[in-house]
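> Counting in my numbering, the sequence shown runs from 22 upward without gaps.
It is possible that some hints are incorrect.
Unchecked claim - Ranges between beta-carbon positions, derived for each pair:
no., residue 1, residue 2, range
1, 123, 553, 34 to 44 Å
2, 553, 525, 40 to 50 Å
3, 576, 340, 20 to 30 Å
4, 181, 434, 53 to 63 Å
5, 460, 344, 47 to 57 Å
6, 91, 556, 38 to 48 Å
7, 287, 530, 12 to 22 Å
8, 513, 182, 58 to 68 Å
9, 287, 222, 22 to 32 Å
It should be emphasised that the hints constitute simulated quantities derived from the structure, not laboratory data. For every residue, glycine included, the Cβ atom is placed at its ideal position computed from N, Cα and C.
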Amino acid sequence: IASQNGHHNVVNLLTKAQQDDANSEYIGSQNSSVLCCCSSQKVTKTSSALEKPPKEPEFECSLSDSELSEQLHSALEQSGFTESRAALQSAAADALQQILRSRLSKNPFFVVGSYSEGWGNSLTTLDGRTDANSDIDVMYLIPGREYHLKDLCECDGAPEQHELVNGHIQCSGFASNPASTKPGFTLRPALDNVSACRLCRYPPIAPLLPNRVFNIPHPVLEALRNALTSASSPCHVVHAASPDRGGEELRVSTSFLENRMLRSLTTLQGQLFVTLKYLVKKVICHKNGFNQQGLKSYHVKTITFRMVDETPVEQWKKENLVSLTRQSLQMLLDCVEKSREQDRQTPDTPDRSRGRIMNHFFLSDAAIYLKGAGKERVDQHLDGIMSTLRTVIDRLPQLLQQFIGSLRPVSDSGTFYFHPFQILPDLRPMPLTESSTLEYYQIYDVESLTELIARLPDCALSAREALRALACLKFGYRGTAERVVSSCSGHSVSRGIAWSREKSATEATVEFVMRHLSSRDSAWKFCFEFDQRPKLEFWTGALVEFFPFQLTGSYKSNYFYMNFDALLWALRLELRTDGEARAQDWIGDVAEREDSDEQELLVATPYSSNPEQRLKIFKK
Numbered sequence: 022i023a024s025q026n027g028h029h030n031v032v033n034l035l036t037k038a039q040q041d042d043a044n045s046e047y048i049g050s051q052n053s054s055v056l057c058c059c060s061s062q063k064v065t066k067t068s069s070a071l072e073k074p075p076k077e078p079e080f081e082c083s084l085s086d087s088e089l090s091e092q093l094h095s096a097l098e099q100s101g102f103t104e105s106r107a108a109l110q111s112a113a114a115d116a117l118q119q120i121l122r123s124r125l126s127k128n129p130f131f132v133v134g135s136y137s138e139g140w141g142n143s144l145t146t147l148d149g150r151t152d153a154n155s156d157i158d159v160m161y162l163i164p165g166r167e168y169h170l171k172d173l174c175e176c177d178g179a180p181e182q183h184e185l186v187n188g189h190i191q192c193s194g195f196a197s198n199p200a201s202t203k204p205g206f207t208l209r210p211a212l213d214n215v216s217a218c219r220l221c222r223y224p225p226i227a228p229l230l231p232n233r234v235f236n237i238p239h240p241v242l243e244a245l246r247n248a249l250t251s252a253s254s255p256c257h258v259v260h261a262a263s264p265d266r267g268g269e270e271l272r273v274s275t276s277f278l279e280n281r282m283l284r285s286l287t288t289l290q291g292q293l294f295v296t297l298k299y300l301v302k303k304v305i306c307h308k309n310g311f312n313q314q315g316l317k318s319y320h321v322k323t324i325t326f327r328m329v330d331e332t333p334v335e336q337w338k339k340e341n342l343v344s345l346t347r348q349s350l351q352m353l354l355d356c357v358e359k360s361r362e363q364d365r366q367t368p369d370t371p372d373r374s375r376g377r378i379m380n381h382f383f384l385s386d387a388a389i390y391l392k393g394a395g396k397e398r399v400d401q402h403l404d405g406i407m408s409t410l411r412t413v414i415d416r417l418p419q420l421l422q423q424f425i426g427s428l429r430p431v432s433d434s435g436t437f438y439f440h441p442f443q444i445l446p447d448l449r450p451m452p453l454t455e456s457s458t459l460e461y462y463q464i465y466d467v468e469s470l471t472e473l474i475a476r477l478p479d480c481a482l483s484a485r486e487a488l489r490a491l492a493c494l495k496f497g498y499r500g501t502a503e504r505v506v507s508s509c510s511g512h513s514v515s516r517g518i519a520w521s522r523e524k525s526a527t528e529a530t531v532e533f534v535m536r537h538l539s540s541r542d543s544a545w546k547f548c549f550e551f552d553q554r555p556k557l558e559f560w561t562g563a564l565v566e567f568f569p570f571q572l573t574g575s576y577k578s579n580y581f582y583m584n585f586d587a588l589l590w591a592l593r594l595e596l597r598t599d600g601e602a603r604a605q606d607w608i609g610d611v612a613e614r615e616d617s618d619e620q621e622l623l624v625a626t627p628y629s630s631n632p633e634q635r636l637k638i639f640k641k
């Protein structure tokens, strides 16, 4: 880990710490191997099966569709892909949004995308952790800027109105770049920031049009209808345009309606969506799969919505999961074939129609296009996509077996990971109030060691006591620091939300998540942004080398990670306040736990007395 992230001083310490082991020669050769093959690249924890889908499956699947469906459904359930856990994921996103807004003076920030929708933020397990190649999307609604739709606006004052064409308002002068991306790291997911402007009202929404035949449940339709006028789901436009129209129009976004639809999916419907997303992202488009570009997650989302809309209720059975997947892929192929045939028949079609492969689900007059295909390469992309989709449909059983192999079951306790201050989208420090007590969202902004530590609540106990001990050490009070650390002996942090299979989706609310965060030591993982790395000059050893931990990927960032539970253990080990047996128990726990992070591993390694244990930690 240290070598992959460019921490050469840490590598030297780890190597030195292992020189007295009986197996040091073997371990040293392992270290050399790691150092030779690793560069400062982003570390991913997804399995090799997920990251490198073979182009030619090496086995034939002898199971029937219904048998494979049962197997796939069971594997997805065991990996957390259920309606209940998806609801908890959405509740966690709502809690993150609430914390973000509270810190930033109620500014109109919205946590959107797959992290909020509940499904698809991870394709290996649904446990709150974002896949290495996924992200968290945050939208900022620019105050005071609102656009009005021609022939639909009912606002007073005769405001300037804009024509709606192909799901875009005609408005020039804006660059076509809806999101700015901040890269991700193993300890902090990537972040997409999107700026948007209000639109005075939603255009006509296709599923809500009168006299329309549908299979969408009435409660879902009612939720969509309510969303049209809700302050929590404002209609808006983003800086994006149809092909070759950049700078001339703004795209109408239906992200809040999509959110409502995805949050309403049943377990089986959600599993279909995740399966399709895997096939598109990891098999069709992935560089180690077919490497066929042009499709994107939004195409998957649209096909899923159409399947929910067009599939009779009685067909949504777990034994039909494979056939539903095949139908979805065929539906996508039909869309692409229709688009290709239209291009052949009308080669002089205006540019904005070329590359159009399906209609928007909510905006019936709008199109959805290929991803990143210039007009001169549209035909080539369409032909490639059609060929690849036919192959995927033909090999579907083998590819689904491969998908099953890539899934990671949730822990026995069903732990759901949510550490809001580790993934906080905006890291700017905010001023604190003069109140004697702090709200949960204010924990992040405590900076003064001497004045504010005592104000930290018990839900940040590890952070509070670790900072208190550091303050004592800074001023030379080692004995007091030892007493502070000793007072925490036996204390354990909350590593996540225990969410058993028996829990229902209705229990997963933002209020439940906030109660959980506030009632236990939950605030112990943080990411900060500093211009330069803070130094603990008053201490030596692990504290100096490992705290804070600079996040690096393909470049060095200004992001720094702090695990205050690991810091508290580093203090215990350095000050020798806990017995050797207890210390080795913690180190053994770090070595065995699947969710141990880099800082815990780096602290544990030099103090481990077991050579095999050290090797296990080093391999992690």
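> Need the list of violated hint numbers for this structure, in ascending order.
Failing hints, ascending: 1, 3, 6.
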